[in-house]
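So the sequences go chain by chain: Z and S.
Read in order, the letters of the first sequence are residues 1 to 224 in the numbering used here.
Read in order, the letters of the second sequence are residues 1 to 389 in the numbering used here.
Certain hints may be false.
Stated by the list, open to error - Below, computed lysine to any residue pairings styled on SDA-like, alpha-carbon distance capped at 20 Å:
(1) Lys330(S) <-> Gln69(Z)
(2) Lys152(Z) <-> Arg206(Z)
(3) Lys330(S) <-> Glu65(Z)
(4) Lys94(Z) <-> Arg338(S)
(5) Lys242(S) <-> Thr350(S)
(6) Lys330(S) <-> Asp83(Z)
(7) Lys49(S) <-> Lys93(S)
(8) Lys13(Z) <-> Met376(S)
(9) Lys53(Z) <-> Glu378(S)
Treat the hints as calculated values from the structure; they're not laboratory data.
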Amino acid sequence: MGSLGEELRLDDKGTVVRLLPEHRVIMDLIADGARVMDLGCGEGDLLLALQVKKNVRAEGIELSEDCIQACVAKGLFNVHHGDLDEGLADYPDKSIDDVILTNTIQVLHRPLLLIKEMARVGKRCIVSFPNFAHWPVRWQLFRHGRMPKTGKLPHEWYETLNIHLTTIFDFREFCRKAGLHVLQEIPLRASGPGQRSEVRFFPNLRADSAIFVLEGGAKEGSRS
Amino acid sequence: MDDTTSVGIVKTQYLTFAEPPNEMLFECGRRFGPITLAYETYGELSPAKDNAILILHALSGDAHAAGFNHPHERQPGWWDIMIGPGKAFDTRKYFVICSNIIGGCKGSTGPISINPQTGRPYALDFPMVTVQDMVNAQRVLIDHLGIDQLLCAVGGSMGGMQVLQWVVSYPERVRLAIPIATTSRLSAQGIAFNEVGRQAILSDPHWKEGDYYGKPVPRRGLAIARMVGHITYLSEKSMHLKFGRKLQDKAEYGYNFRADFQVESYLRYKGDHFVDRFDANSYLYISKAMDYFDLAQPYGSLERAFANVQAKFLVISFSSDWLFPSYQSKEIVSACRRVGAAAIYTEIQTDYGHDAFLLESEQLTRLITNFLAHGMSEAPRNGAVAAGK
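So here's chain S without its partners, still in its complex pose (with noise of 0.2 Å):
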């Protein structure tokens, strides 16, 4: 690897716990166990524990946030273009974690991996999965790798609701959230969405209840759910200016239906490719887990659920975000404020929609960096909350 702002080649990690008799308790009020996180680290821990960034990944992620596993991957972690020597997590300065959660597929315990006891797949055997689990899980590993307190939790779409969670559900280990084109609560329009992905899934005739593995797996099923999660991340002027009316490789209508326009070979082939790397059960945990996820509902209020917050807060959408429009980060905003939480909001101007979370790096380079900067100089409270109402 010659580029000097990549992290290079990194290994992943695996840690397990929970095994019986100390399953973890999920949501649901099941117990489960063994559970297995996979993780990868860019950078070094500090001697005082106190530069730890928490990476929390959205549906379709993985622990896979920066760099390459292996010399002749094509295309680096997700996230690269923000992890790395000088980036917006600057390697140099923090030592950044990303784990896939539990119920996805890559490498974490999910409904693919093997039930111990019947040496086969759980598929749907394996539990109902939260925001909440997720973060249980998460918390594990940080107390494994010794860290009290993360210096950042930060995530977009669905890793944004996990770092909600983080701050309501472990208030003293969370210096600073980055809650990045996300939500307290999905709604129903993004439900609605969710659900159509899940019935593409569950119409699939190979889908089998589940009980596809080492059978054909639902592949159209899981394309289609991919094809339409798809359109949701972008926006109709970003769509326009990229695909318009324009024909793929004819000049014709072709007067039948296969793919005629460009858009709609982009999108058969997204989710043709989405296939090939993720599980279709997972699909449903997981999108089912972001319809579950509602901050608020415990506690009455969003203000009630930040009561005892004591991180100081990044809040980002993006304009064109039309599945997690700003209104919803105005709300997050509006209860830190009534809990006389720190809190910056600021709507980033694109056109790339929902995704401009993983498009938009320079003007989220810039606010990440300084707030990162600030955060890290500032003398960590210990334990009090903000006063001042």
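Next comes chain Z alone, as it looks inside the complex (with noise of 0.2 Å):
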């Protein structure tokens, strides 16, 4: 994952960072001091952007060589090659406050394995995806009986690395199954070029994605 978003100027020493507007809302959700682990961290600009602002502790686990040597030259300390789908193993349970996985999860081959690890690692998991269920996913399927292509789901079907797409119901589910308990909801939709607020009706229609804060604890398969 390359970099995209907006530029945010971390300090006066000219350090920058770009963040996805999610990530900005990920960053309030943060308290100062935390232990952080970011999977899938990409060139590092959100655990930069944590560490600066935030005083957080930051690691993460990234599968690129490229993208490591990013984070390399962007000063982190604690990043290491890893596949997710292997799980976290060398990690204690309950040794993270905050384990993030942003827009990943949807390319994972064993995003079951990978939440219950996150919940068993981390003291809250906070999860961002794509919501399937999006009104204009629907309608292009609806109208025109083709693989929808969104802003948010841009790659043709036979290229692209989503292979897990869900939607927000079915994640709310997910969660359950997984035996995590849904702390909150934060749907999104864009409202203007590179703005995004907050969905309070009908979200699983009308956000084209949304952040979970989730934490582990409720029994698997039970309701909550």
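Hints are included, so try docking the two chains, each in its own frame, into the full complex.
The structure is reproduced here in structure tokens:
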């Protein structure tokens, strides 16, 4: 995942990162000084922003060697090359305050494994994903009978890395199945260039993506 | 020297210590001295003495890591590609040190050195050496240079083993650690290859229980050991790309046991060439030290070994390195994670095999340049171990 989004100046020394609007929403959720892990941390923009603005202890896991180079160039000291589909075996239970997974769950081979691992390792999990039940997606499939392509889902069906797309409704059930309790749901939609606003009514229809704040502990399969 | 990226002409220096009765205690239980270490330095030590980088060399390396010892030297030091003005270990900013390990044959005390008591080389009277012993001796050198804390300890292969030993044995003395293509303990396969190399030397009729100085040296044995070693440093793919099944200077098979294939010629050349610059007894001692190295063993686990580690790590492995495979680097990173030590880990995609640590300079340079720059600008911790489990 390359660097997209808007530039944010972090300090007077000229440190600049590129953040998507959803990253800014996530930053507001993180407490000062928290121990944070970003799974699929890309070039480290979110981690560095959190480190500078919120004084977090930042760690990242990333598959791409080029991205790790970029993280090292930013001065991040806790990034390692790893495959999220293998889980988080090295991390003790509840050793991280916030485990973050942005826009990545849909490319994993084993999302259930990872979400359970995240709940084991993290006191809180913050997951963002594109909502496949967003109305333009439904409309394209209904009106044209074609695989939908939107701003959030721009790739051809045969080239996309998205192999496990989901909807907000499906994700709620997925969390129940995985034994996670939903602390907060933040459905989002575009509301201007580079802007995102929260959707309050009919989110599964009107939000193009969502951020879920989760914690482990609910009994697997139970209704919360 | 017109090359502005070269450190130019460098003089090898020598430090002698552990003169009797203050001999150094080796891990095998013997006290031994005097000890001389050959070393070279590049760049200037800062007034605050906070820019020193110690380069640890691998089995067949030496103190001459960069530049030229004299104007007619054909090849520069073994890591010249990484050490110099504007290179990964930028000698305009950092003070770079490299010393020949004890047990070596390139100026430091080893089996080839003259025993002052007998006037003859030590040969197999030289004590068995471990990586811990090598590091203990280097620590004396660092003390002598007046350096309280190294900015960085870095090395590949057996050099990486020394890096790990440094951060475990002297945690407050290393700020940044860069272990490359290495392991916390050699695998059975690695030991097996070292053993084949040793057997080749031991079965050479000229070896004479190590007492061959001044007589014909065990050339064949050492050459074969080097041939075996050389295969382990390459990857199957890189050998295929380099040689394939191409014949050496001929169009047809010769139907004899002379070298038909280019790869045979190449290995014979590498083996013979090695004999001219390395001592067979040193090869025995140093390969054995690699076999003995097991960082976790005195502590019970690697996590416990790392309990007091203070350095920040940059751990690097290579995808086609089958001698020191990536899973061994991941074990090191895993232990760092468990004790809360900051660690960056990356696996560089390469066809070069284990030798990539000498060849993949572009990737390594980017990583190391950034790691050192950020590491140096961070305020040093004062003895406090990273918290947080």
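We went through each hint and held it up to the structure:
For the hint linking Lys330(S) to Gln69(Z), the alpha-carbon distance of about 17 Å falls within 20 Å, and the restraint holds. Under the criterion of a C-alpha separation no larger than 20 Å, the hint pairing Lys152(Z) with Arg206(Z) is consistent with the structure, at around 13 Å. At most 20 Å may separate the alpha-carbon atoms for a hinted pair to count; Lys330(S) and Glu65(Z) meet this at roughly 15 Å. With a C-alpha separation of about 13 Å, the suggested pairing of Lys94(Z) with Arg338(S) holds against the 20 Å cut-off.
A hinted pair counts as satisfied when its Cα atoms are at most 20 Å apart, and Lys242(S) with Thr350(S) qualifies at roughly 14 Å. As the CA atoms of Lys330(S) and Asp83(Z) are separated by approximately 12 Å, the hinted pair is consistent with the 20 Å bound. Simply put, Lys49(S) and Lys93(S) have alpha-carbon atoms about 12 Å apart, close enough for the 20 Å limit, and the pair holds. Pair hint Lys13(Z) plus Met376(S) holds up; C-alpha atoms about 16 Å apart against a cutoff of 20 Å.
Our distance criterion of 20 Å between C-alpha atoms is met by Lys53(Z) and Glu378(S), whose separation comes to about 17 Å.
In terms of the numbered hints stated before, the structure departs from none.
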